[in-house]
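These protein sequences, in sequence, are chains D and F. Going by the numbering used here, the residue at position 133 of the first sequence is 1185; the numbering climbs one at a time, nothing skipped. Going by the numbering used here, the residue at position 57 of the second sequence is 1047; the numbering climbs one at a time, nothing skipped.
The set of hints was computed from the structure by calculation and includes no laboratory data. Honestly, I wouldn't trust all of these hints.
Unchecked claim - Some chain F residues near chain D, calculated using beta-carbon distances under 7 Å:
id: 1; residue: V1010
id: 2; residue: L1067
id: 3; residue: A1068
As the list claims (entries may be wrong) - Dumping the calculated SDA-like pairs for lysine to any residue here, alpha-carbon to alpha-carbon at most 25 Å:
id: 4; chain 1: F; residue 1: K1044; chain 2: D; residue 2: V1195
id: 5; chain 1: D; residue 1: K1217; chain 2: F; residue 2: I1058
id: 6; chain 1: D; residue 1: K1134; chain 2: F; residue 2: K1044
id: 7; chain 1: D; residue 1: K1189; chain 2: F; residue 2: I1085
id: 8; chain 1: D; residue 1: K1193; chain 2: F; residue 2: G1048
id: 9; chain 1: D; residue 1: K1076; chain 2: F; residue 2: I1085
id: 10; chain 1: D; residue 1: K1138; chain 2: D; residue 2: A1082
id: 11; chain 1: D; residue 1: K1076; chain 2: D; residue 2: I1144
id: 12; chain 1: F; residue 1: K1044; chain 2: D; residue 2: F1191
id: 13; chain 1: D; residue 1: K1217; chain 2: D; residue 2: V1121
Just so you know, even glycine gets a beta-carbon here, dropped at the ideal spot from N, CA and C.
Residue strings, one per chain:
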Amino acid sequence: MDVIIFFIAVVFAMGSAIMVVGAKNPVHSALWMVSTLFCTAVIYLLLGFDFLAAIQVIVYAGAIMMLIVYVIMLTSIEEEIKRKYKLRLFQIVGIAFIVIFFIQAVRYGMVPLHGWEGLCWKEIPERFGSVNYVALKLFTKYVFPFELVSVLLLAGIAGAVYLAKKEKNKENR
Amino acid sequence: MHSPAVLIFLSLFLFCLGAVGVIVRRNLIIVFMCIELMLNSANFMLVAFSHFLKSIDGMMFVLFVLAIAAAEAGVGLALFVVLFRNKGNIDSFKINILKH
Chain D
1053 MDVIIFFIAV VFAMGSAIMV VGAKNPVHSA LWMVSTLFCT AVIYLLLGFD FLAAIQVIVY
1113 AGAIMMLIVY VIMLTSIEEE IKRKYKLRLF QIVGIAFIVI FFIQAVRYGM VPLHGWEGLC
1173 WKEIPERFGS VNYVALKLFT KYVFPFELVS VLLLAGIAGA VYLAKKEKNK ENR
Chain F
991 MHSPAVLIFL SLFLFCLGAV GVIVRRNLII VFMCIELMLN SANFMLVAFS HFLKSIDGMM
1051 FVLFVLAIAA AEAGVGLALF VVLFRNKGNI DSFKINILKH
């Protein structure tokens, strides 16, 4: 059963990722992105990371994607829907390089993995990745990065507010 | 399911698809979403190896990357709103104010 759900999640993640890049309407693109993130969260859950799956759904698929949809609503999408895409030379060269990278990475990244069966777990251990264990690590070994991240989030809030506020005493550029 | 090959393939696929999207698409918000896709695939690889190497450290990295991605999304989307207010569109080919 787990294996079936796993492969369904993998296939759905790939298909929705293709639709993120391929959809004409940015709103559809954002909704497919939510689908991709949700499938990723399902895979996290199957790998035994309960807490991370919940955080992925709440923070990524919830908060960040909602922010992106709001910004799509604040900007105009008619131009994007009507646009005809014609690839320029640098785009073709870039795509060729990415395809070469993908083929090489799949070839050389997957070859040694046949000997890796000894590294894999036969079944998922009980408490690994649960809130209990994560909190234990987060507030002991990783407490300094945790505090730094709070400062970074504060800086992010300040920067966003400064950028997005209306400038009254300035002529239009 | 307990084979790293599928997870690594999925992660590479998402990364390359995100890179293609960054190059091809011209709407800055879609470009931003493709960047999020690439970030997510890197997270995915970290989680997969955290699972296979039986260490929680990769997962902690992903937690911090998630927090940083949230901050980045806030600032980046504020930039897009300001750009749209000043120029009227968010076409990545038309934003060349550093060129002139």
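Structure-based check of each hint:
1. V1010: With a closest approach of 6 Å, the V1010(F) hint holds.
2. L1067: Status holds, d = 5 Å.
3. A1068: With a minimum Cβ separation of about 4 Å from chain D (threshold 7 Å), the hint on A1068(F) holds.
4. K1044(F) to V1195(D): 21 Å, holds
5. K1217(D) to I1058(F): 22 Å, holds
6. K1134(D) to K1044(F): Not satisfied, since the Cα-Cα distance of roughly 49 Å exceeds 25 Å.
7. K1189(D) to I1085(F): The given pair, whose Cα atoms are some 44 Å apart, is violated under the 25 Å limit.
8. K1193(D) to G1048(F): 13 Å, holds
9. K1076(D) to I1085(F): It holds: about 21 Å lies between the C-alpha atoms, which stays within 25 Å.
10. K1138(D) to A1082(D): 23 Å, holds
11. K1076(D) to I1144(D): 20 Å, holds
12. K1044(F) to F1191(D): 20 Å, holds
13. K1217(D) to V1121(D): 19 Å, holds
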